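In the order they appear, the protein sequences are chains A and B.
Using my numbering, you'd call the opening residue of the first sequence number 1 and step up by one each time.
Using my numbering, you'd call the opening residue of the second sequence number 1001 and step up by one each time.
Just so you know, these hints were derived from the structure itself, not from any lab.
Hints may be right or wrong, so weigh each one.
To be verified - Pairs of lysine to aspartate or glutamate residues, derived as DMTMM-like cross-links and limited to a Cα-Cα distance of at most 20 Å, are as follows:
hint : chain 1 : residue 1 : chain 2 : residue 2
1    : A       : Lys358    : A       : Asp390
2    : A       : Lys302    : A       : Glu323
3    : A       : Lys336    : B       : Asp1334
4    : B       : Lys1094   : B       : Glu1070
5    : B       : Lys1093   : B       : Glu1070
6    : B       : Lys1077   : B       : Glu1092
7    : A       : Lys304    : A       : Glu289
8    : A       : Lys312    : B       : Asp1350
9    : B       : Lys1336   : A       : Glu323
10   : B       : Lys1015   : B       : Glu1070
11   : A       : Lys302    : A       : Glu289
12   : A       : Lys312    : B       : Glu1328
13   : B       : Lys1308   : A       : Glu300
14   : B       : Lys1312   : B       : Glu1276
15   : A       : Lys93     : A       : Asp32
16   : B       : Lys1144   : B       : Glu1070
17   : A       : Lys312    : A       : Glu419
18   : A       : Lys312    : A       : Asp235
19   : A       : Lys312    : A       : Asp380
20   : B       : Lys1312   : A       : Asp417
21   : A       : Lys233    : A       : Glu300
22   : A       : Lys306    : A       : Asp417
23   : B       : Lys1165   : B       : Asp1175
24   : A       : Lys308    : A       : Glu419
25   : B       : Lys1312   : A       : Asp390
26   : B       : Lys1312   : A       : Glu134
27   : A       : Lys312    : B       : Glu1323
28   : A       : Lys312    : A       : Glu289
29   : A       : Lys308    : B       : Glu1323
30   : A       : Lys422    : A       : Asp380
Only a predicted model underlies this, so the values are computations on that prediction, with no experimental measurement involved.
Number of protein chains: 2
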Amino acid sequence: MSLDDSGYSGLVLEKLSRSKIQVGDTIRITKDGEEFTGVLMPRSQVGSDAAHIIIKLDSGYNIGLRLNQESTIRRIKGGTRKRTTKVEDSMEKKNLPRVSILSTGGTIASKVDYRTGAVNPALSAQDLYDTVPELENYANVHAKVIMSVLSENIAPSDWGNIARKVASEIQAGTDGVVIAHGTDTLGFTSAALSFALQNIPVPVVLVGSQRSSDRPSSDAAMNLIGAVNLATKADAAEVMVLMHGESGDSFLHAHRGTKVRKLHTSRRDAFQSVNEYPLFRVDEDSVTELHPPLLRRNLERKIKLKAKFEEKVALLKTFPGIEGTLVENLIQTDYKGIVIEGTGLGHAPDSLQPSIKKAIDAGVVVAMTSQCIFGRTDMDVYRSGVELLDIGVVSCEDMLPETALVKLMWSLANSKDIENAKNLLLTPLAGEIDMRSEESDYKILGET
Amino acid sequence: MSLDDSGYSGLVLEKLSRSKIQVGDTIRITKDGEEFTGVLMPRSQVGSDAAHIIIKLDSGYNIGLRLNQESTIRRIKGGTRKRTTKVEDSMEKKNLPRVSILSTGGTIASKVDYRTGAVNPALSAQDLYDTVPELENYANVHAKVIMSVLSENIAPSDWGNIARKVASEIQAGTDGVVIAHGTDTLGFTSAALSFALQNIPVPVVLVGSQRSSDRPSSDAAMNLIGAVNLATKADAAEVMVLMHGESGDSFLHAHRGTKVRKLHTSRRDAFQSVNEYPLFRVDEDSVTELHPPLLRRNLERKIKLKAKFEEKVALLKTFPGIEGTLVENLIQTDYKGIVIEGTGLGHAPDSLQPSIKKAIDAGVVVAMTSQCIFGRTDMDVYRSGVELLDIGVVSCEDMLPETALVKLMWSLANSKDIENAKNLLLTPLAGEIDMRSEESDYKILGET
Chain A
1 MSLDDSGYSG LVLEKLSRSK IQVGDTIRIT KDGEEFTGVL MPRSQVGSDA AHIIIKLDSG
61 YNIGLRLNQE STIRRIKGGT RKRTTKVEDS MEKKNLPRVS ILSTGGTIAS KVDYRTGAVN
121 PALSAQDLYD TVPELENYAN VHAKVIMSVL SENIAPSDWG NIARKVASEI QAGTDGVVIA
181 HGTDTLGFTS AALSFALQNI PVPVVLVGSQ RSSDRPSSDA AMNLIGAVNL ATKADAAEVM
241 VLMHGESGDS FLHAHRGTKV RKLHTSRRDA FQSVNEYPLF RVDEDSVTEL HPPLLRRNLE
301 RKIKLKAKFE EKVALLKTFP GIEGTLVENL IQTDYKGIVI EGTGLGHAPD SLQPSIKKAI
361 DAGVVVAMTS QCIFGRTDMD VYRSGVELLD IGVVSCEDML PETALVKLMW SLANSKDIEN
421 AKNLLLTPLA GEIDMRSEES DYKILGET
Chain B
1001 MSLDDSGYSG LVLEKLSRSK IQVGDTIRIT KDGEEFTGVL MPRSQVGSDA AHIIIKLDSG
1061 YNIGLRLNQE STIRRIKGGT RKRTTKVEDS MEKKNLPRVS ILSTGGTIAS KVDYRTGAVN
1121 PALSAQDLYD TVPELENYAN VHAKVIMSVL SENIAPSDWG NIARKVASEI QAGTDGVVIA
1181 HGTDTLGFTS AALSFALQNI PVPVVLVGSQ RSSDRPSSDA AMNLIGAVNL ATKADAAEVM
1241 VLMHGESGDS FLHAHRGTKV RKLHTSRRDA FQSVNEYPLF RVDEDSVTEL HPPLLRRNLE
1301 RKIKLKAKFE EKVALLKTFP GIEGTLVENL IQTDYKGIVI EGTGLGHAPD SLQPSIKKAI
1361 DAGVVVAMTS QCIFGRTDMD VYRSGVELLD IGVVSCEDML PETALVKLMW SLANSKDIEN
1421 AKNLLLTPLA GEIDMRSEES DYKILGET
């Protein structure tokens, strides 16, 4: 990438131009008697501070430095200058595995929008690859942009689209698939792909970042490198989510696609396995299995694509004073399924029972999960649970509410009738329900 | 309590009758060469196993033993036989503080329902006191049943009722109030009382249990004793929730009423402080302050009761594919407020924006929280957040979605107009919003 597109201006641009340094070069900066060595990164014109330079350290971590007139920049090693050629055109290295990176948007592929001051998805897969040049040491990367949206806008119809693109890559013989995705609904999409992509031969790894790549504290590069490592090295044909394993930059955790949830708005380790331990720990140069058994990598296995989802399914969280009209509105607007996020072991206020019964009588599948998030529904313990079971509510055990929503959408689209859909909902297909799990399996946030 | 009401039958009843033992007596059981000493507890006729006896150990923990013909039971010390007299009639001990226990129902006051096999609220405050005889060592207890419901059925109108009863006890000069409450919606009620009871002179402690008192693993007695200790000893005039601090029986944690959430369906340490550390640790004989500053106990302070709540406020959790009709139905059914539980930093799908704007134009207050639960909303970072702020959505910072719902209900009922209600919603009143909190304040589940 030439300096013109690098996003630098003023003092930094001047110093870089003088030394004929380009993005991707390894440089050494001296500032106030200290030395910093790393690869020069582009920045997305954060504008306000032209003295700021971003380099990526050997650790894969980006730092931002504020230069002054006395600071010097020296080139240590040239970067790969061919980055502006198409990734697809580059020669394949025979000894490296092949990985497909599909970009859907989100922070991991974002830059700042100057109209609103906010961050927008914009970087292409090519840009991604340009900003993380070490990827070429790990794999032959085939990168494609399949969507470009912030993940709060990803809808069930998009899941089918993503699943079909993943299936194409797998059928073309990739050794692993990485999907760059916004973090807001990453857990919903990972659950959807877990059901849509059956019998996969290689890993499918969803990855996001909590800080955009133009911020010094970005987790984008480390997460993306880790995802490529996991997708090419892990002996697991599972749909997984890979994100930071703790709030620093020491390691990553891979979570089962159906058992993971964003549990913090901003921390880099926001994603946590719920009612289960993470599947893999990914360090800089190792991928360690934590939670077998797993479906193993097997290139002979033929993928089965089941990419349809019924969109008329709602998630309904109960609260004190909730009125039956909220359920009845769903019946009237032709919803086929309702996943209730009830309280405790799977309860709803008694006042909601007549509307729930009306929904079930009208042919709507009503399933119960818990807003406690951790643990499992057990509707046999208290009267209100027993009464809901009696009118036909399905108890979703230790399934996350979000996973239950996605699975009910999928079950309804892949069943011949309601009874079939209810059975499918409770049949373990991708580790989403564990009938045996105990309280002691309760994943403690932050525990490793 | 006589043996007739004790719930025992068959082998156990026979052995107890032979030794003229009554509930409340300290007994020693020998079984298979082992000895167990504790206070005989009543049981709620779990029926199927007549050989099972329950005693409370010195630790306050109940254990269940299955007796055989060879087992012996011996009385070590008589219990207080006057338990069948009214609590209110007993003599006050001059050197002990006075505590009011108000029972609303829930597992802490439940027994098994033989019609459905499920657990129902049924024990009176008197029964509570009978089953935890050590309470008389800690305080002069004034116990009242004010409701008898499982907490999933507690509605906003009940919060006002509970608040008024608490205010009466405080005005009558109690040294602390304990409220026995089901755990399902304990966090909603604790938030409601935090806003309804202003300027309180003494602690108000909500307490529940995750296992009913007729189960050997019940946490009811330990939690209730701890609540009486906290209410009488803590130098804090705060509304708090007291429950187990870890899954064993070693200590309890007191959480701020506005910052606590049930985060597991069944674990005894299901309640966790969110975005804040617990306020107190309660051990068998000590109450330790963990998280100052607190409003201090001050008997001169005059309580202000603000017990009205607007019931037409809904909590709406977003999900992929959510349709605008869900918001529009709330406008049509005359809702005054909507708390959105959005994704990430406070986002909703773009497709929902027109309906949200319609709601705001119709005079509905729309507030944003995050389904991540931990962390805070920050709607300035991404375009979709910025656009929601522009149309008038209120960002609830680090308020829990449940607390934001309760506070919006309270703000609308205690404001002269919508602008006033929006301002009140974002004004810190009971520790519910902390504008300064950092990521590092992220409470790790299970961390002490």
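- Quick one: which hint numbers does this structure break? Sort them smallest to largest. 2, 3, 4, 5, 6, 7, 11, 13, 14, 15, 16, 18, 19, 20, 25, 26 and 28
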